[in-house]
Amino acid sequence: MERLASVGDFRQWQKTLKAGLDPNRKLVTVCADTGCALFGALGVKEAFEKAIAQQGAQDRVSVKATGCHGFCEKGPVVVIQPEKIFYPSVQVEDVPEIVQKTVLGGQTIDRLLYVDPASGSRIALNHEVPFYAKQQRLLFRLNGLIDRTSIEDYVAHDGYAAAVKALSEMKSEAVIDEVQKAGLRGRGGAGFPTGVKWGLARKSPGDQKYIICNADEGDPGAFMDRSLLEGTPHAVLEGMLIGAYAIGATKGIIYVRAEYPMAVKNVTAALAQARRVGLFGENILGTGIAFDVEIRQGAGAFVCGEESALIASLEGERGMPRPRPPFPVEKGYRGRPTCINNVETFANVPLIVLRGKDWYRGFGTEASPGTKIFALAGRVNNTGLVEVPMGTTLRQIIFDIGGGIPKNRRFKAAQLGGPSGGCLPAQYLDLPIDYDSVKQAGAIMGSGGLIVMDENTCMVNIARFFLEFTQSESCGKCVPCRVGTRHMLDILVRICSGQGRMEDLDELERLALHIKEASLCGLGQTAPNPVLTTLRYFRHEYEEHILRKHCRASVCEDLVAAPCAHACPAQVNVPQYVGLIAEGHLDAAVDVIRRRNPFVSVCGRVCDHPCELRCRRADVDQPLAIRALKRYAVDHAAGLSSTLGAPATGDAEVAVVGAGPSGLSCAYFLALMGRPSVVLEKQPVPGGMLALGIPEYRLPKPALQQDIDFILRHGVELRTSTPIENVEDLFGQGFRAVYLASGAQKGRALGIEGEQLNGVVDSLEFLRARGLGQKPTCGKHVVVIGGGNAAVDAARSAVRLHAEKVLILYRRTREEMPAYEEEIEEALHEGIELHELVAPKRILGKSGRVTGIEMIRMRLGDADSSGRRRPVPIEGSELVVPCDTVLPAIGQVASVEPGGRLELSSWKTIACDPVTLETSREGVFSGGDVINGGGTVIEAIADGQRAAVAIDRYLGGPGALPPDVSVSMYRATDEELEQAPPRLAEPLLPVAERLDNFREVISGISRQGACAEAGRCLRCDLEKLRS
Amino acid sequence: MGVGGVATAPGASDLEPASRIIEEMSPVTSGDIIPFLQRLQDAYGYLPRDVVLAACERTGLPASRVFGVATFYAQFYLEPRGRHLVCCCRGTACHVRGGRKILDAVERTLGIRDGETTKDMLFSLETVACLGACAFSPVMVLDNTYYGKITPHRAELLLKKIMKEES
Chain V
1 MERLASVGDF RQWQKTLKAG LDPNRKLVTV CADTGCALFG ALGVKEAFEK AIAQQGAQDR
61 VSVKATGCHG FCEKGPVVVI QPEKIFYPSV QVEDVPEIVQ KTVLGGQTID RLLYVDPASG
121 SRIALNHEVP FYAKQQRLLF RLNGLIDRTS IEDYVAHDGY AAAVKALSEM KSEAVIDEVQ
181 KAGLRGRGGA GFPTGVKWGL ARKSPGDQKY IICNADEGDP GAFMDRSLLE GTPHAVLEGM
241 LIGAYAIGAT KGIIYVRAEY PMAVKNVTAA LAQARRVGLF GENILGTGIA FDVEIRQGAG
301 AFVCGEESAL IASLEGERGM PRPRPPFPVE KGYRGRPTCI NNVETFANVP LIVLRGKDWY
361 RGFGTEASPG TKIFALAGRV NNTGLVEVPM GTTLRQIIFD IGGGIPKNRR FKAAQLGGPS
421 GGCLPAQYLD LPIDYDSVKQ AGAIMGSGGL IVMDENTCMV NIARFFLEFT QSESCGKCVP
481 CRVGTRHMLD ILVRICSGQG RMEDLDELER LALHIKEASL CGLGQTAPNP VLTTLRYFRH
541 EYEEHILRKH CRASVCEDLV AAPCAHACPA QVNVPQYVGL IAEGHLDAAV DVIRRRNPFV
601 SVCGRVCDHP CELRCRRADV DQPLAIRALK RYAVDHAAGL SSTLGAPATG DAEVAVVGAG
661 PSGLSCAYFL ALMGRPSVVL EKQPVPGGML ALGIPEYRLP KPALQQDIDF ILRHGVELRT
721 STPIENVEDL FGQGFRAVYL ASGAQKGRAL GIEGEQLNGV VDSLEFLRAR GLGQKPTCGK
781 HVVVIGGGNA AVDAARSAVR LHAEKVLILY RRTREEMPAY EEEIEEALHE GIELHELVAP
841 KRILGKSGRV TGIEMIRMRL GDADSSGRRR PVPIEGSELV VPCDTVLPAI GQVASVEPGG
901 RLELSSWKTI ACDPVTLETS REGVFSGGDV INGGGTVIEA IADGQRAAVA IDRYLGGPGA
961 LPPDVSVSMY RATDEELEQA PPRLAEPLLP VAERLDNFRE VISGISRQGA CAEAGRCLRC
1021 DLEKLRS
Chain W
10001 MGVGGVATAP GASDLEPASR IIEEMSPVTS GDIIPFLQRL QDAYGYLPRD VVLAACERTG
10061 LPASRVFGVA TFYAQFYLEP RGRHLVCCCR GTACHVRGGR KILDAVERTL GIRDGETTKD
10121 MLFSLETVAC LGACAFSPVM VLDNTYYGKI TPHRAELLLK KIMKEES
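As they're listed, the protein sequences go chains V and W.
Sequential numbering of the first sequence, starting at 1, is according to my numbering.
Sequential numbering of the second sequence, starting at 10001, is according to my numbering.
Keep in mind the hints are simulated off the structure, nothing from the lab.
Ideal Cβ positions, reconstructed from N, Cα and C, are used throughout, including at glycine.
The reader is advised that the hints may include incorrect statements.
With a straight-line Cα cutoff of 27 Å, these simulated DSS-like cross-link-like pairs (lysine-lysine) come out [to be verified]:
#1 W:K10149 <-> V:K265
#2 V:K439 <-> V:K407
#3 V:K251 <-> V:K265
#4 W:K10101 <-> V:K407
#5 V:K331 <-> V:K203
#6 W:K10149 <-> V:K407
#7 V:K203 <-> V:K165
#8 V:K805 <-> V:K846
#9 V:K203 <-> V:K171
#10 V:K516 <-> V:K477
#11 V:K805 <-> V:K775
#12 W:K10101 <-> V:K549
Which stretches of chain W does chain V cover? Using the computed rule of at least three CB atoms under 8 Å from a CB of chain V, they are [stated by the list, open to error]:
#13 10021 to 10035
#14 10120 to 10132
Some chain W residues close to chain V (C-beta under 7 Å, calculated; not the full set) [to be verified]:
#15 Y10073
#16 Q10075
#17 Y10077
#18 L10078
#19 P10080
#20 L10142
#21 G10148
#22 H10153
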């Protein structure tokens, strides 16, 4: 490589190099970024070179180690040009076959191709892979294409053409003007217009100016700059050269954090090459312009990403920010005018100068043109680097490109902007991301780190996590940051350990505002942001930690012994009973469960198992089949005791209204505390929704009866066919406390024309009739409206009542249906048709009977404040579905007393204290569906349990539940745990045998299966004991 | 990160490497303090106090200033490091994917906390706020080798293997 003496020389050199580029030449690009190198990319590259040489093809085929291709999750990534064939996760063993069949043979190897999880199909072409399809790779275009150690390769791809154009054809002011009109905003995080900054630097008087590239990338979770520097270092250098020319700087510095050894190495090598060729140094290409760059490393201080602290660090001082004004553009490094820009900002510059501002403005939004590289990480399927035009929505990034959340968990929030940013919840999924829109939502764009969080992330823990970080990185110079963040952190630590107070939340906000206002630099000014956004959008999580010492994501270690037990609303000691099952002690296992939940047989069949959703085993392979294990234990235990404790005796002081799971549980626990009670039930049978809602094919009557009998043996008096009109009357009868658990027995009305026709039956009424042994109305063509469990229960019941055709109509999509996934799955197997995105307009009839239902098609609009996408009717898309029975199941109405004196919530359920469950009337407590409008069985049971504690205390007792037991220490060995079989599935009755009866569909697991399944448990509750 | 040299006993350091560095970088001005300390640490594995003091005398840099810088930045160590350096990432992406459990397992296996060195000078443990390999979280670095998507069990096995080999 000779030194180029003139612009003409450069252009000639570039022309020659470009001509040498053969678009048809076979090229194997192997990503050798630090990330892919983790997975052996360098070995893969060598394997390719070896295999190609072995085939004697080294003259026809090139192999390049390139920078990051972006799809880090699937590293090592290999793309074969010119066909653009994409091979993910390439192993050394696969290379010879790839060389022979694809590189030389032109054919793809099916088993090695990328499989799209959504469609199941194999995709061969790079740009068709969903991860790439929606991206706009302007800055990263060369990253996967050029040899990152070769300046010739860069120049052959138009490298330095922009710099040469600027230096030889444009005035400095014109360069600044172009960048300014293009609308480039600082990509470091604040989004300050780059052209304006350059203009100010240019105007600043001074004989020596500096231009600095901030490659300190300290935001945890951000690695875009690292990959740019590793993969296309010349683009950054070229941007600096143009910037230096624009502002009149002759010296530049790249400040790279020390934790990026490969980036330092690559940019150092690139600089050396550029110098050798004459693009950096004195009299560049004969233009008389001088510019050279020094590479300096950081020493491990996040605060040095802040410009004045960065300058201090370069000057050999502690990284402490300085008051501004004067700003660095006036007085910066060594007191001279200094312009500091981010790596990605510089990478944009050559594109703007070469292609022009109008071209650039073709991407992105009006206020934020161009693209942005996001580092997509956290709980998302496709982690990696994503480059999209500004204005792309979070939903597109996380779901279309990112492939959604692993294990089908629910999205909770996306963290943007690192420790200076904020968490955006589901309601912002359709927000077009640009600098201004993100700011309005309370976060900042930041450098590009985008961390995805799901339902297993605790937002209070996240706020604490960020504050721990900023607290430890605070330089200590100013009091608001040094002391203020410490104070905020102390409060968060207390909240996370269950010692928070409600006043703490106001204190946090007060401190946050003061720290933001008074801190000297951006670190302190933004440190409170994660706390402020989590308080804004997830206040309920803070309140749960404080009021109920509950962490809904089962994360906070001081509150959670085992995530499964913590997630159980009734706090059943799950790991204990699982361990006992593994050891074969079934009676003891059931005993453990009954200490917190009397409905073992019921829950073993119908619980929605929140425990399984938090099971840590799920991070290894699949969660434990906890519900199936529970059922196994109670079905096979040989010597179950008839009661847990001695039955309560004496006069009943407590009246329980409603013999559903909530009421009966309350009576049970009161009895265990020595308080007999009377349960008053309106219907002729006990059980509530368990008997009269959930159909027998899910919950057989004998199984339910077993649990009810168990409860009644404890000194609980049951009076059926005893409706209660007025709760006050009960006090008149001598009771001292009342637990009101009347449920939500009525279905919400559709509110449309035709609802009163014969053949329209509320689903709950339909199910109740069946449960009472009556023959409910059910025609041949049944339409069920709704998406919850009641809808699916009604539909599957209709099938068994000889309906010929059963449809479920839902106004959203299957993913949004609240019904249990397993239930929906079985409904479809049983021949029920699910019609998504339709809503009823009116019911049609003739002679007073239903003949059909007019529907209108819906489409999903943007997310509403709950995060769910709002269904929007499509004009003119009405259609008529013929039917003779309509079963609405669109929600439940709490069964509150008409004209009753108890205070109601805004949803017309009974309002009560979140901890004690006491209502507005002293001595009256409430729980279950009547307070939550239709929840799960275990929530109802848990309310009954908590109310029993509260009632006992109200009546002067200690409110003591049966003591917890720690009998089983059983835990499989590490080897056994690693080699454990996959999660057990419960066998199902074949569909053909189900359709004309109500036999139980799910049968229990075998003894062998139970032992193996229980043996998969990691015994998270014993972890603290192991250390 | 540039560390992982041989541990030496404090107080009796060989000043020859430091002298060489001073000569190569001469004159060492206040603006050069950080690169200077980085090179010293590369040569000695950490920053022995006596070496730093001697270097200050040679270069004329105030010791208070130099120690001020050495104690501010996370990269500099004033205590000898173990032979094997374990670094757990505590960045956001690693945190959200269970990084805490990795650190717990490492602390439990080695019997030391973040920032400490084992008594037999075999291991030093540190954490970094982000290693920039977020797509592979959780990440652990052992003797400059990156391990991505690591599990607590595997981290334990890696460390135990070294402990066995070294005994």
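Here is what the structure says about each hint:
With a C-alpha separation of about 25 Å, the suggested pairing of K10149 (chain W) with K265 (chain V) holds against the 27 Å cut-off. Straight-line distance between C-alpha atoms of K439 (chain V) and K407 (chain V) comes to about 31 Å, which puts the hinted pair past the 27 Å bound. As the CA atoms of K251 (chain V) and K265 (chain V) are separated by approximately 20 Å, the hinted pair is consistent with the 27 Å bound. At roughly 20 Å between alpha-carbon atoms, K10101 (chain W) and K407 (chain V) fall within 27 Å of each other, so this suggested pair holds.
A hinted pair counts as satisfied when its Cα atoms are at most 27 Å apart, and K331 (chain V) with K203 (chain V) qualifies at roughly 12 Å. At most 27 Å may separate the alpha-carbon atoms for a hinted pair to count; K10149 (chain W) and K407 (chain V) meet this at roughly 16 Å. Simply put, K203 (chain V) and K165 (chain V) have alpha-carbon atoms about 22 Å apart, close enough for the 27 Å limit, and the pair holds. Using a Cα cut-off of 27 Å, the hinted pair K805 (chain V) and K846 (chain V) holds, with the two alpha carbons roughly 20 Å apart.
The suggested pairing of K203 (chain V) with K171 (chain V) holds, with an alpha-carbon distance near 14 Å, which does not exceed 27 Å. Between the alpha carbons of K516 (chain V) and K477 (chain V) the distance comes to roughly 15 Å, so the proposed pair stays at or under 27 Å and holds. The suggested pairing of K805 (chain V) with K775 (chain V) holds, with an alpha-carbon distance near 19 Å, which does not exceed 27 Å. A threshold of 27 Å between alpha carbons decides the hint, and for K10101 (chain W) with K549 (chain V) the separation of about 22 Å falls inside it, so the pair holds.
Here's how the stretch 10021 to 10035 of chain W fares: 7 of its residues keep a CB closer than 8 Å to some CB of chain V, so the rule of at least three is met and the hint holds. Only residues whose beta carbon comes within less than 8 Å of a beta carbon in chain V count, and the stretch 10120 to 10132 of chain W has 5; three or more means the coverage holds. Satisfaction of the interface hint for Y10073 (chain W) is found here, the shortest Cβ-Cβ separation to chain V being roughly 4 Å, below the 7 Å cut-off. A hinted interface residue such as Q10075 (chain W) counts as satisfied when its beta carbon comes closer than 7 Å to some beta carbon of chain V; here the least separation is about 4 Å, so the hint holds.
Given the 7 Å rule on beta carbons, the hint for Y10077 (chain W) is violated: about 11 Å separates it from the nearest Cβ of chain V. Below 7 Å, beta-carbon pairs count as interface contacts, and L10078 (chain W) has none with chain V, the closest being about 13 Å; its hint is therefore violated. For P10080 (chain W), the suggested interface contact is broken, since its CB lies about 18 Å from the closest CB of chain V, more than 7 Å. Nearest Cβ of chain V to the Cβ of L10142 (chain W): about 12 Å, over the 7 Å cut. The hint is violated.
Of the supplied interface hints, the one on G10148 (chain W) holds, with its beta-carbon coming within about 5 Å of a beta-carbon of chain V, less than 7 Å. About 6 Å separates the beta-carbon of H10153 (chain W) from the nearest beta-carbon of chain V, less than 7 Å, and the hint is met.
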